[in-house]
Every structure is written in structure tokens, then in C-alpha cells.
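*Asks:* Go by the hints and put chain B onto chain A.
Number of protein chains: 2
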Amino acid sequence: MSPNRLDAIREVLLMGPGPSAVYPEVLRALARPTLGHLDPAFIAIMDETKSLLQQVMTTGNALTLPISGTGSAGMEAAFVNLVRPADRVLILINGVFGTRMKDVAGRLGAQVESIDFPWGTPVIVDRVADHLRKSEPYAIVAVVHAETSTGVLNPVEQIGKLVRETHPDSLYLVDGVTSLGGIPVRLDDWQVDAFYSGTQKCLSCPPGLAPLSFSARAVDRLKSRPTKVPNWYLDLSMIISYWEGAKRAYHHTAPINMIYGLYQALRCVLEEGLNVAFARHRAAHERLVVGLAQIGLELLVAPDVRLPQLNAVKVPDGVDEAAVRSRLLTQDAIEIGAGLGPLAGKIWRVGLMGHTARPEHVDRVVAALKGALGR
Amino acid sequence: MSPNRLDAIREVLLMGPGPSAVYPEVLRALARPTLGHLDPAFIAIMDETKSLLQQVMTTGNALTLPISGTGSAGMEAAFVNLVRPADRVLILINGVFGTRMKDVAGRLGAQVESIDFPWGTPVIVDRVADHLRKSEPYAIVAVVHAETSTGVLNPVEQIGKLVRETHPDSLYLVDGVTSLGGIPVRLDDWQVDAFYSGTQKCLSCPPGLAPLSFSARAVDRLKSRPTKVPNWYLDLSMIISYWEGAKRAYHHTAPINMIYGLYQALRCVLEEGLNVAFARHRAAHERLVVGLAQIGLELLVAPDVRLPQLNAVKVPDGVDEAAVRSRLLTQDAIEIGAGLGPLAGKIWRVGLMGHTARPEHVDRVVAALKGALGR
Chain A
24 MSPNRLDAIR
34 EVLLMGPGPS
44 AVYPEVLRAL
54 ARPTLGHLDP
64 AFIAIMDETK
74 SLLQQVMTTG
84 NALTLPISGT
94 GSAGMEAAFV
104 NLVRPADRVL
114 ILINGVFGTR
124 MKDVAGRLGA
134 QVESIDFPWG
144 TPVIVDRVAD
154 HLRKSEPYAI
164 VAVVHAETST
174 GVLNPVEQIG
184 KLVRETHPDS
194 LYLVDGVTSL
204 GGIPVRLDDW
214 QVDAFYSGTQ
224 KCLSCPPGLA
234 PLSFSARAVD
244 RLKSRPTKVP
254 NWYLDLSMII
264 SYWEGAKRAY
274 HHTAPINMIY
284 GLYQALRCVL
294 EEGLNVAFAR
304 HRAAHERLVV
314 GLAQIGLELL
324 VAPDVRLPQL
334 NAVKVPDGVD
344 EAAVRSRLLT
354 QDAIEIGAGL
364 GPLAGKIWRV
374 GLMGHTARPE
384 HVDRVVAALK
394 GALGR
Chain B
24 MSPNRLDAIR
34 EVLLMGPGPS
44 AVYPEVLRAL
54 ARPTLGHLDP
64 AFIAIMDETK
74 SLLQQVMTTG
84 NALTLPISGT
94 GSAGMEAAFV
104 NLVRPADRVL
114 ILINGVFGTR
124 MKDVAGRLGA
134 QVESIDFPWG
144 TPVIVDRVAD
154 HLRKSEPYAI
164 VAVVHAETST
174 GVLNPVEQIG
184 KLVRETHPDS
194 LYLVDGVTSL
204 GGIPVRLDDW
214 QVDAFYSGTQ
224 KCLSCPPGLA
234 PLSFSARAVD
244 RLKSRPTKVP
254 NWYLDLSMII
264 SYWEGAKRAY
274 HHTAPINMIY
284 GLYQALRCVL
294 EEGLNVAFAR
304 HRAAHERLVV
314 GLAQIGLELL
324 VAPDVRLPQL
334 NAVKVPDGVD
344 EAAVRSRLLT
354 QDAIEIGAGL
364 GPLAGKIWRV
374 GLMGHTARPE
384 HVDRVVAALK
394 GALGR
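In order, the protein sequence lines correspond to chains A and B.
Final position of the first sequence in the working numbering is 398; the numbers increase by one with none missing.
Final position of the second sequence in the working numbering is 398; the numbers increase by one with none missing.
One chain only, chain A, in its complex shape (with noise of 0.2 Å):
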């Protein structure tokens, strides 16, 4: 047999849109002994888990789980669960991930409209005001809170308002794949009714699982849906009745050994203490910004509305961005992340997510980046 490629990993430093760098813990953590899916022992460790991730959202939703899937698959289970056929939904869109949303629930009947903002600015809240107060209500409102594909935060909270006041009986689904834990999410506050994230950000855990979470009224929707949910594998009604209740049913057989790294992971979140953990990331935001600039680089998003976890960096004239990457990545173990869609040859990405967010890992990419610029 050929030789174990395992056996050649090395550290790379993840600095690219995810994944971000592992807890060491969380690692261990994946290694510990597999358990059964209905072994009380891990009951605990999911009802834990879950009281772990309503603290990080800072809500008291009772369905609150992580969907045994990535990130993406916890878009799929926000839309699926609560698109009905012909339900009318608006996005609200400024990158890829909105422009994802808009595929994912085109695919599953709705009639969807969208609202487009340009690449690299946020959405504006008084063109979605101005909208939602002459049209029709729609079934849900979405919005992506963190775009990973250009660094900007969206006013997740000004929308909530918005949305609830002008179409009371509106879903708002918010994406949080890039902002839970380095930015503060706040469900219930922002009137958040249907969320979801993913482990390999801000989190710091590998990819695979997507934390969710529901409101009361999105539950109610669900509930008072006229047809089934069209995905058996993400049925969020029956999902829940394995990690609610006194009886777990069966309905798949957990990821066990993800949902200990997950377990771990939000352990080591709570436990720096979710503030701390944001103002790390702002600092080590704040100290990228500085460093670039000394070596001639700029962001592309302004300064208001930047996320501190994603850095658009804008390649210089004359740089063949992949080259540089591949320097990096090469030469100096660090992973970057190229631009997508229109940004494609025009930023990288560099994150700078949940333990990847610390000063050392900082001047490590600015000192590479300054090697392979030769600045």
C-alpha cells in the first residue's frame, strides 16, 4: 500500500476563510473514545452542548442543536424546515453567501426576490425600509450577518427591528457561519427567528457540523407546515425528538466524535469568556491593519462596517495573488484565502478566526506577506 499521506501532514497556519486553527483541545477532544448514539454518557454531552451553544447565541431557543452536517448544511436545514411551496422570500444580498441563500431557496419552491448591494459594502437598511413598506409580506427575510466572501457585517440588528415592525409575521433567518464567537450574536435581542453557524471559524473546531437555532415563532412554523419537510435527513421535527425529551428517538445516528470536538470547542469559548474573545479578535484586527499598512496594503471595506475575523486585503497592482498564496502556503505554512465571484484576483482573505485571532499569528502573515512582496 502506498505510503500513510497522513503521516505528512503538517502544522499549516489557517489564515485563509475558514477553516481557522484548532484548539489543541478540540483535536484531543475528537480522539476520545466513540460512544453510542444513545448512551446516557452522551446524552449528557449533547444536552450540554446545547446549553453551551445557547449561551454562545445568547438565546434561550429551545431548539438549539447542531445540524450533522457543514456550515452549508445548516442553510439547507434553516430554509427547508421553513419554506413552504410558493412561500415568498426575500434576501438580502452582498456577496456569496446571500447569492447562495437565493440558490438554496429558488431549489425549494419559493418565490424568491432579492435585494443586491455591491461587493464589499454592507446592506443598507433604509433601502430594505423603503422596500418592505410597499410590498406584500413575505414569508422569511434573510440576510447574511457575516460575509465571508468580502469581510463585511451586516446590520443584523437594525434589520431584525425592521423586519419585525414592518411585516410582523415574517421569519428572519440570519446566516452566522462567520460571526458566532467573534462578533456578538444575539438572537433573541436582534429578534433573530432562525440561525445557523459552522464549527471551522470562529469556533476554532473542524468542519462538520452546523450549529442551529430556532425561534418559538419559527417552530410554530414548522409545526403548521401543510406538507412535510422535503429532506428527510434535516426534518428539524423529527431531529428534535432525539435531542429533546425524556425518550431520545432514533432518527440518525449522531456524529459523536464532532460533537465532542464541538463540546470542547464552545468550552474553550465560554471559558476565555465570549467578550474577551471578541475583543481579542478586534485587537488582532486592529494589528493586521497597522502591519499591512507598513508594508503598503489596504483593506478593501471601510473601516465602520469591517469584520475583524475576515480582512479583505486588496492585491496590489502587478501581483499574481495566487503566487503569493501559494508562497505562503509553501514557504511559510500559512494558508490564505483567495477572493470569489467579481473579488476573484482582487483581495485575499485573511482570517483572522477564533485561535488564529492572536498577535503572534498576526505578524507571522504580515511578515510573510512582506517577504513575498518584497517590501
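Just so you know, the hints here were simulated from the structure itself, not pulled from any lab data.
Only a predicted model underlies this, so the values are computations on that prediction, with no experimental measurement involved.
Beta carbons: idealized from backbone N, C-alpha and C, even for Gly.
Wrong hints could be hidden among the right ones.
[As the list claims (entries may be wrong)] Here are a few chain B residues that face chain A, going by a calculated C-beta distance under 10 Å:
no., residue
1, ILE32
2, HIS60
3, GLY92
4, GLU99
5, PRO191
6, LEU232
7, TYR283
8, PHE301
9, ALA325
10, VAL328
11, ARG329
[Said to hold, decoys possible] Simulated coverage check for chain A against chain B, where a stretch passes if three residues somewhere in it have a Cβ under 8 Å from a Cβ of chain B:
no., stretch
12, 227-239
13, 278-284
*Replies:* Relative to the frame of chain A, chain B by itself:
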């Protein structure tokens, strides 16, 4: 913060219907440093994983890869990619997982029919032949290879031949969640068009991925769909672009560390040799049958259609089956499974899957049952 529950995990011998005992090498693989999902070193692991899967499935199918979800996500993926609106689908049912197929396909808008056989007995090819010879063509005919709910082996090879003879344009879909790695699986020889499995059965990896394979005929069906796959996350027409070709187009972030685990598990299976592994499963099963007979226990399923890896053991009259399972778990650190549906309370399910299928494990479970039953 409360004590870390991971520190309290003890080793349990997993002898239920899955997850099975995990290879120690696989647990170590899970804890390897996370690479980026576009890192060339990770892509090399993906490519080799694909090739290892082809060997275990005995197929040359180019579309062979692990779906980013548990075994049930494999079932969802197989149907959602192949079912077109109003397609006629025939499911051969003799347990929970055939029943689940009916639910999955029905939610996707298929016109589902089934031929039902008593739980604990196999699909009878002659009955299927009678039906197929007089029926209109089906878009898909589907069956479970190894019914995890009953321990019955279905005649997948004969059904495949029959389907191709009677309805040459039908796609033949097989659930191999519990078969792969424990008994022969020969997709090309058996004319299987769509196949999926799970990692947590005879591959002895934790749950979290669903190895899947589509024949060229199935890929043609997928590519000629009149409508988009109504599930973005599981859309194989897009996922292929990440798993194949020179340019790896990002679809969703792959579950990196779980793929390390699967890669290692497949290496373990193939280093032992498939035929050696099958013989080990068979020998463990025979040892179990003898051991159970010595304490007066017998199996539900007739000898010629028993799965070696999943043994449905009849609960003797007057025995509290749940109390026995609970005693085994708490006192002996052995997990065995309960019956499902009409077999609840009537059988225990004793798994001898993958790394679990060893004589010392058989002896441990027989001794534990002996103690629990006072025999």
C-alpha cells in the same frame, strides 16, 4: 464551568447496530492537524480516499466520494439527485431502512410503490420478478443490502440482474450502510447504479460521512435532469467539481478531519484485505451463534440469510430486555442494541462490525449475557 464531560468518557465495547468499535489508528487520524479544504496535501488525501472507496466497493465508478453527513445523508443524496418530479419509484421493503427509503423518496415528489416482506425475512426475488414483468417501468428500483433493523441479507446481486433484464432503463439503488466492509460489495458486477454507506459500521470509523457511488448511467440521469436538484447541499452535479478535475471548485467546506478518519479506516480495511476481513466477520458470527446456543439463546433470522455483522437475538420470554441492555452497558461496558418497530422488545441487536468482529469481543458479550440472564 461544570466538569468536562469528555474526561469522564470510558471505553465502551460497541456491539450494537453501529457505531462499531473504532480502530485506534482512526481515532488518532481524527486528531491530525486540520488542513484547508483546498490545500494540495488535503486534495491528495481526497483523491486517495476516492480510490480506496472504489476498491472497497469493487467499482470503477468515477463518481465515488464521501457525502458530508452520516449514512442517512447518503440515502437522501442518492434519492434527491436521481428522483425527478413524479418519477415512479419501487422500494423493496423488509425493515426500517427500506421503510425510510419510502419516506425519503415520497418527500421528494416521487410516486412511490413498495413490495413488502415480513421483517426478519429477505426480499423474495421471484415475487419481485412477477411484479416487474407486469409493471410499467420504474425510474428507480431500490433495496437495502444489509437490513440493520433485522440482520437480514437481501439478494442484491440477483435483484440487480432482474432489474436490468426486465426494466433496462431503471436505475438500481442499493443501501449498503451496514454491508460495506463486512460482506462482499461488488457494484459493477451487480449492476448497481447508486450506492451509499456509512462510516460507523463495518468500516469502524466514527459516524459522520456517507461513502457514495454512482454509475455512469446514474450520472447521465443526474446530468439530464429537467430541474435543479432540490437540495443545494447534496447536489452532486456541483460536488463533483470539488472532488474531480484539475480546478477544484469550492462547494462547501469538506469535513477535513472526518475525511482523515475515513481515509485511515479504508487503509485499515484494505491492509487486512477484504476477503480476510469478510472471513473474520463470518468467524466471529459463527462463534457468537455457538456461544449464544450454549446459554439457550437463538437468532431471529434463518441461517442462510443472516448477516454476520448484525445478529438479531431473540429475547427469551419473561426477560426485561431493556434491563439486560442497561446492565451490560453499566456493569460490563458493552453496548448492544434494541429492536426497532415491530421487533421492539423482541430482539437484541448484537453487532459484529469491522473492528468489533473479533473472538475476544464475542466471548465478552456472551459472558455478559450469561451473567445478566443468570444462565
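*Asks:* If any of the earlier hints don't hold here, list their numbers in rising order.
*Replies:* 5, 8, 9, 10, 11
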